[in-house]
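Protein sequence lines correspond, in order, to chains A and B. Under this note's numbering, the first sequence has 163 at position 163, and the numbering climbs by one with no breaks. Each number in this note's numbering corresponds to the 1-based position in the second sequence with 1000 added.
Quick caveat, the hints were computed from the structure, so don't treat them as lab data. Fair warning: there could be bad hints in the mix.
What the hints assert, rightly or not - With beta-carbon atoms standing in for the labels, derived distance ranges:
1. B:ILE1194 with A:LEU148: 35 to 43 Å
2. A:GLY45 with B:THR1149: 54 to 62 Å
3. B:TYR1227 with A:VAL109: 36 to 44 Å
Even for Gly, the Cβ is constructed at its ideal location relative to N, Cα and C.
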Amino acid sequence: MIEATNTDLNSPKTESQSGLASLDPRSKILLACGFILTLSLLPPGEFLIYGLLLIVLYISASLSDCSPVYLVRRSVIALPFAFAAVTLLFTIPGESLLTLPILGIDISVEGAIRFASIVTRSWISVQAAILLIILTKVADLMWGLQGLHTPAILVSVAGFTYRYLDVLRSEASRLRTARQARSATLSAGRGGGTLLWRARVTGWMVGSLMIRSMERSERIYNAMLARGYTGEVKTLTRFELRSRDYWSMLVAALTAVIIILVAHFL
Amino acid sequence: MIRLPIFLNVAALHIPDGFLSVPVALLGLLLALIVLAYTLRQTRDLLGERQIPLLGVMAAFVFAAQSINFPVLGGTSGHLLGGALVSIVVGPWPAVLVMTVVVGLQALLFQDGGLLAIGWNIVNMAVLAVLTGALTFGLLKRLLGSGRTSLIIATMAAAWISVVLSATATGVELAASDSGLLAAVPAMAGIHAIIGLGEALITGAAVILIARARPAILYQNQDAGDYRAAYIFAVGLIIALAVATFSVLSSSLPDGLERVALDYGFADRALDPILRIMPDYTLPGIEGNIGGIIVIIGGAILAALLILLVGWLVRHRQSYRATSGESSRI
């Protein structure tokens, strides 16, 4: 029950300072976004090039002391959405690949290629995003976002959110434990009571969690005032763009342009 | 930690990278930037340093609330999306900020939603859901008065509409990127019409609990920014969504027509544009979807007109009341 939270914060963040990990957070954010943009700019069906980019990603991960296996393991998060692309199999016109036995619907070759391209690109993109968060501490990421001109309010709100994420999650998990202790469930895994009742109980839990959160935010604010908070969050993090940042971004940009040109014109 | 697709998970609204075409993704980023710039201007005055911890904790609350599962049937369960709830409790503009932070952190920390797709994810879940929720809640509260029943109805309607509209928008964005994903529009809207019921029940119960336990919380944010501007924005977004659904439909038909042309051997593309709106034309394999889309477009336009009409009536009545010296109910 406790592990029902859909995300884990305690991922093994490498403390490595090699490879991409040694770059400025701003460069890492830009590189990740550029990588994903490059993938999105490729035409469908270029599986060789997708594979090439995936290998580049895995090599950069390995050079930064992050195992590609971990990237693959965490990337299953993107799987459910792949179902949204399934219709492509049937709606893209073209030569028939196979006909579904009972329904008599054709799956076209073009449709299958488009489907596989979208799912593959989406899967590789997710792994790039995972690599970014593994190689960047959250505080550094926030600093990088501010450096890239994300509005300061958003960044400081996000900083607070990250700080209290685990606190409120354990609050929520205590609520869940309390619910489990008090409401009978059938062995088939069905919750007790009617659907309406279960929804109401969930709603009450959410409501009381909200009240607790707001009261906690009052206490947090007072505690921060006591420590000299003036509305500005100061961090010790300081980075500057060094030559390796410029070089890596230059090389990445050139490679991206070449790959996109090759994919479109060769 | 494999998340099974049997979860009636609202995470289905987070568009990952790879699904949106680059122009569509960039349009979403641009739109998100514009709305955020406006939101920051709206909230600048009410955001003292006191508000930042509150909004941050609210965003963390949304994360935590999403981890409270609602057992539906068998092994499936759903959870809260939260846009309407936050919007009702802290006011529309601060809620846009809270949900933007939630969507942004979901993408950055947990890869729930793509980095390039973040523009549309913000527009869908942090702007459209929050503002249409606020609009529905505000209108219904005005129409139904200030009793507890009207609070429940307004809250539940706001939650349902916010989920359905942001799901429809997600479908439209997918279809605009790839005409083969046209079926995503009715699929998204249909599935979330059901998921929205769960959202409505949970949000309704949560707001009732807050109204009973700490009524002050519910009413302390009545002056949280310009509600009128939020309503106008929401109406604009709804109209834009209706128009987008329309244009996605009409621009993706030629694809199917080409197939017909190939099938019948007259592929020289000299197709009369009038053919494109041929009423009895259906895409092979997804018959009925066109009907569904037309229903959605019709519904969206009708809803927009209705909201405009109701809004006009309310304002008219208010100004009438103001001139006749009667005090306003709100």
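Verification of the hints:
1. B:ILE1194 with A:LEU148: 35 to 43 Å: holds (39 Å)
2. A:GLY45 with B:THR1149: 54 to 62 Å: holds (57 Å)
3. B:TYR1227 with A:VAL109: 36 to 44 Å: Once the Cβ atoms are compared, 53 Å apart, the range 36 to 44 Å for A:VAL109 and B:TYR1227 is violated.
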